[in-house]
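Visitor: Chains as they are written, first to last, in the working numbering: chain A, 6 to 180; chain B, 7 to 348; chain C, 212 to 593; chain D, 7 to 225.
I should point out that these hints are in silico values taken from the structure, not numbers from a laboratory. There could be a bad hint or two in this list.
[Claimed, not checked] If you only want the chain C side, here are some residues facing chain B, beta carbon under 10 Å, derived:
id	residue
1	239
2	243
3	574
By construction, the Cβ of each residue, glycine as well, lies at the ideal position given by its N, Cα and C atoms.
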Amino acid sequence: MTFDQILFYCLAAIAIISALMVITRRNPVHSAMFLITTLFSVAGIYLQLHAEFLAAVQVIVYVGGIMVLFLFVIMLVNLEVVSTERRFNKQWIIALIASAVLLVEFGYVIVRGGKSSLLPPVTGPAQDLTRKNSEQIGLMLYQNYMLPFEIASLLLLVAIIGAVILAKRRLASDK
Amino acid sequence: MVEYFLIPAVQILIIFLVLLLFVAYATYLERKVVAFMQVRLGPMRVGPYGLLQPIADAVKLMFKEDIVPAGADKWIFMFAPVITMIPAFTVFSVIPFSDSHTTVFGYPVHLYITDVNVGILFVLALSSIGVFGIILGGWSSNSKYPLLGSLRSAAQMVSYEVAMGFAIVSVLIYSRSLSMIDIVNAQKDMGWWFAVIQPIGFFIYLICGVAETNRAPFDLPEAESELVAGFHTEYSGFRFAIYFMAEYANMILISSIAATLFWGGWLSPFPNVKALSFLQVVPGVVWFFLKVFFFMYLYIWLRATLPRFRYDQLMRVGWKYLIPISIGNVILTAVLRLYFRT
Amino acid sequence: MADVEEKVITALHDHDTFLDSSELIINMGPQHPATHGVYRVRLHLDGEKVLGAESYIGYLHRGVEKLGEHGDYRHYGPILDRMDYVASVSNNLGYCEAVEKLLGVQIPPRAQYLRVILTELQRIASHLVWLGTHAMDIGAMTIFLYCFREREKILNIFEKYFGARLTTNSFRIGGLQFDTYDGFEAECLDFCNDFPRRIAEYEQILSDNRIWIGRTRGIGILKAEDAIALGVTGPVLRGSGVKFDIRKAFPYECYADLDFDIPIGEMGDTYDRYLVRNEEMRQSRRIVMQAIEKLPDGPIMGKVTKVIRPPAGEVYHAIEAPKGELGFFVVSDGTTTPYRTRIRPPSFVNLQALPPMVRGQLVADVVAIIGTIDIVLGEIDR
Amino acid sequence: MPDEIKKDQPESKPPAPDSAKPAATPPPAGHAPGHPSVSEKKLATKAAAAASTPWTSPLVEEIKKRFQGSVIESHTMVGQNVIILETPSLIEVCKFVRENEIMPCDYLVDVTAVDYPSREKRFDVVYVLHSFKMNERVRLKIYVADNETIPSVTAIWPTANWLEREVFDMFGIKFSGHPDLKRILLPEGWKGHPLRKDYHLQQMDDEWVKANLNIETGQ
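Whole structure, please, built from the sequences with the hints as guidance.
Guide: See below:
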């Protein structure tokens with residue numbers, strides 16, 4: 006195993022363990038902390054794939070932006086009620102079955118893939134080290150994947166408007 | 007092996023120690039400058055002109071009792087200052103103090119630790135982690151004033167980071183690179199500091215920088231007259247010192263980035279004017295530190311002059327003025343770049 | 212009217228908060244840098260918005276009124292110094308005048324003029340402390356040191372005259388204990404000549420500062436009718452646009468001979484009260500200059516018996532202290548001990564206006580409003 | 007040290023500490039209708055009473071006309087006007103005083119009380135009023151017995167809120183209709199009312215001090 010591989014498995018393990026912690030912690034702030042850890046490990050894996058830009062953006066957007074908002078809301082809203090509620094409801098059996106199926110699928114792919122699944126050399130655009138990371142992402146995003154990009158942004162716009170409308174109705178009913 | 011491990015390790019050690027010293031004397035600078043502006047003397051007792059005061063303070067804080075309040079989330083409470091401090095110091099690994107390099111024992115040594123091709127993003131990413139130390143520190147204290155300080159801090163960071171990011175983007179459109187060294191070199195090639203080309207971006211960056219470091223007039227998370235001391239009300243001893251050091255390290259950091267992005271880093275003033283080329287006799291590092299010193303002075307000056315914003319006013323300034331202006335600035339810059347390709 | 216009643220009287224009950232976030236109850240004080248003493252206010256918050264406030268006072272209660280009933284008339288003065296400790300000269304003036312009124316004693320003109328000079332200097336000093344701390348609460352810390360620089364000059368004059376800087380006590384029933392020292396007039400004039408420049412300096416830093424205006428304009432509005440209903444006095448009342456000053460309404464000492472204006476505000480917000488107090492400092496300076504010019508020669512002590520024994524009776528006498536109407540209700544039973552000495556403290560009554568003023572504002576405004584009322588806890592709790 | 011203080015406690019003293027000083031004895035009991043300062047006892051002492059002359063004004067006349075028997079006496083002393091009222095008519099008269107055309111007293115300056123323990127109605131409750139229109143002041147006064155409840159004027163002048171609370175705290179006079187009648191300067195649960203004449207200067211609520219401060223004595 007190379008240094009790279011050891012690093013990868015460490016990061017992957019941290020990501021999975023802290024993801025489990027996110028859903029099992031009673032204290033929402035602790036959950037948020039583990040979510041941040043997960044996001045960091047994923048950013049580390051991006052770095053291994055020579056996607057520095059993606060790694061940095063992952064940290065800036067998710068850790069620096071979204072998680073701060075999460076914490077803000079968690080602290081603002083009274084959570085004493087939440088922490089005493091039961092953590093899992095009746096859907097947990099279905100969820101467990103679904104995860105088990107996914108696990109089996111992963112296992113199958115890894116076993117069938119054999120050596121090739123161990124950590125392949127970097128392929129695709131990131132392989133081209135002569136060009137800058139951001140440049141490549143820009144080119145891919147705005148040339149090859151223009152349509153998905155636009156659809157995703159439209160979806161986000163709809164979500165924003167929906168959130169605003171929900172919040173507005175809420176405020177109006179207060180009066 | 008020496009080139010890959012030993013030299014960086016020594017560099018890191020030196021920069022870390024120098025930075026610690028700078029942080030300590032930044033507090034001294036602040037106290038002296040504010041005292042000068044307020045017709046008083048400032049520290050005068052420890053050493054000549056109070057020069058040993060920062061060291062006395064550090065020693066005092068180190069030997070103070072480390073109090074963890076009852077009901078606090080102990081682990082987060084103990085870790086929070088560290089979360090703030092580590093990014094504040096780590097970021098200096100990508101700050102280029104100068105492009106000149108010397109040879110030590112036959113190995114070329116640069117005046118920076120490393121040059122990352124996404125340097126400025128690295129800076130932004132790490133500085134966005136620092137805020138968690140403040141938020142978690144306030145929350146874990148299990149006390150109401152720190153909690154309010156945390157809430158304010160969270161809201162403030164989210165709002166001002168966006169405008170700051172756009173201000174930086176307007177520079178990137180000119181530099182065409184995210185690497186800190188390339189950004190300075192781009193200014194050398196253009197012959198102008200970016201502050202001249204991007205005055206709006208520069209001012210937005212400055213304002214956001216003050217807000218990001220929780221300094222007056224944006225010092226709401228620790229507003230001593232409203233929230234007593236905000237997020238670090240419950241901290242004492244060395245943990246408080248860590249917060250304190252992180253704040254000053256962040257000030258130096260924001261000043262360094264301002265110098266690098268907008269004031270040409272290590273470049274002398276007007277690098278393209280032949281008549282002023284004699285200024286290049288002064289080494290680049292000196293120029294760099296002079297610029298950083300100026301921005302530090304500006305911070306202190308603001309603190310001595312301005313009253314504090316209120317929470318909603320701060321939000322209004324951020325969302326209603328800075329963000330739209332910075333976005334408009336980016337669009338304008340992009341359009342200009344497209345039509346007047348240089 | 213009914214509105215005011217509602218504002219003052221409604222007890223706090225459950226409030227609706229934004230997005231059902233929990234209502235936060237926060238104790239500001241008794242140890243808090245912005246409560247100007249051991250004053251506690253319990254704030255009910257929704258995030259940063261103040262839903263309601265309750266005041267708790269009495270942490271500094273020393274029973275000053277009770278102490279007054281247990282010494283002779285002269286013994287009360289030094290106790291009163293400890294009441295409004297940033298304006299102790301005014302405290303003594305009010306008490307001495309109340310007893311003089313009961314005795315029916317006229318004090319000589321020189322003593323009158325000296326009393327006016329000293330109390331007006333004290334008013335400037337008190338307002339300087341207010342301006343400094345108020346600005347510091349809002350975050351402008353340099354003003355604080357500038358104000359204390361000027362206050363220092365006044366305290367130096369006091370130190371030479373009274374022999375004390377803070378707990379001054381040389382006003383006697385019937386006049387004064389000391390005549391002026393050599394160079395007293397010159398030092399006062401020196402201060403007065405320098406002072407306009409200094410006020411201009413404060414106003415340069417604050418009056419046109421956008422942040423300062425943003426923090427004080429429209430904050431803690433007290434309309435004229437509310438101000439009267441709530442019984443506030445002094446600069447708070449005048450800031451609301453009511454032209455009432457006891458120095459004009461019921462002139463005492465030699466105020467009738469002196470020319471000065473009463474500044475009033477328009478909106479009754481924090482900024483107006485700031486302007487009113489600034490202008491009052493200028494007017495006080497004017498009064499001091501006139502009084503020094505007119506300062507007559509003559510005795511400084513009126514005809515008062517060695518043992519003070521006012522005839523049985525009662526008197527309510529009020530003066531315009533820096534913080535508002537400072538009243539003394541003295542009841543005499545014909546002995547050498549006051550039968551009852553009631554003090555009507557201006558800060559105590561003004562502080563009642565705090566809860567209605569802070570409702571609906573933000574936490575940061577609470578400190579601005581506490582600052583603008585200008586309270587001294589030594590006087591509120593007595 | 008605590009023993010010495012114990013000696014000073016009023017429990018071991020006769021109920022009226024003033025009796026030690028004959029000159030300080032307040033007017034004789036049952037003197038409610040007259041002003042206390044004109045008692046013969048006072049005149050007998052060396053000090054003469056301050057000139058207290060009967061006072062009439064349109065306002066007083068109007069009150070007398072509208073509210074029969076409400077005014078006990080009205081006089082002026084050292085230039086200050088005082089109207090002494092009967093307690094039952096207090097609220098009506100106050101409302102009238104606030105809203106009349108002659109001298110509308112829209113501003114309540116102070117509410118306070120004086121204790122004369124030997125009198126039948128031991129307390130004077132004093133309201134100092136100011137009229138912005140006339141720039142004049144008048145004092146209303148009522149006589150209140152111990153344990154007597156008097157109506158609160160908070161509905162007429164909101165200022166009275168804290169002032170009445172202080173009177174309650176210091177003298178134990180209860181005000182009916184007050185929105186929030188509780189102690190203001192002393193802590194909740196304190197026993198005794200310090201400004202009563204029978205409350206000794208060094209007296210305190212030992213039980214409260216022990217229970218709340220965990221010390222033997224507050225001295």
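Visitor: Hint validation: residue 243 (chain C) versus chain B, beta carbon distance must be below 10 Å. Holds or violated?
Guide: Result: holds, 6 Å to nearest chain B Cβ.
Visitor: How about residue 239 (chain C): closest beta carbon in chain B under 10 Å, or not?
Guide: 9 Å, holds
Visitor: Please check whether residue 574 (chain C) passes as an interface residue: C-beta within 10 Å of a C-beta belonging to chain B.
Guide: 6 Å, holds
Of the hints listed earlier, there is not a single one the structure fails to meet.
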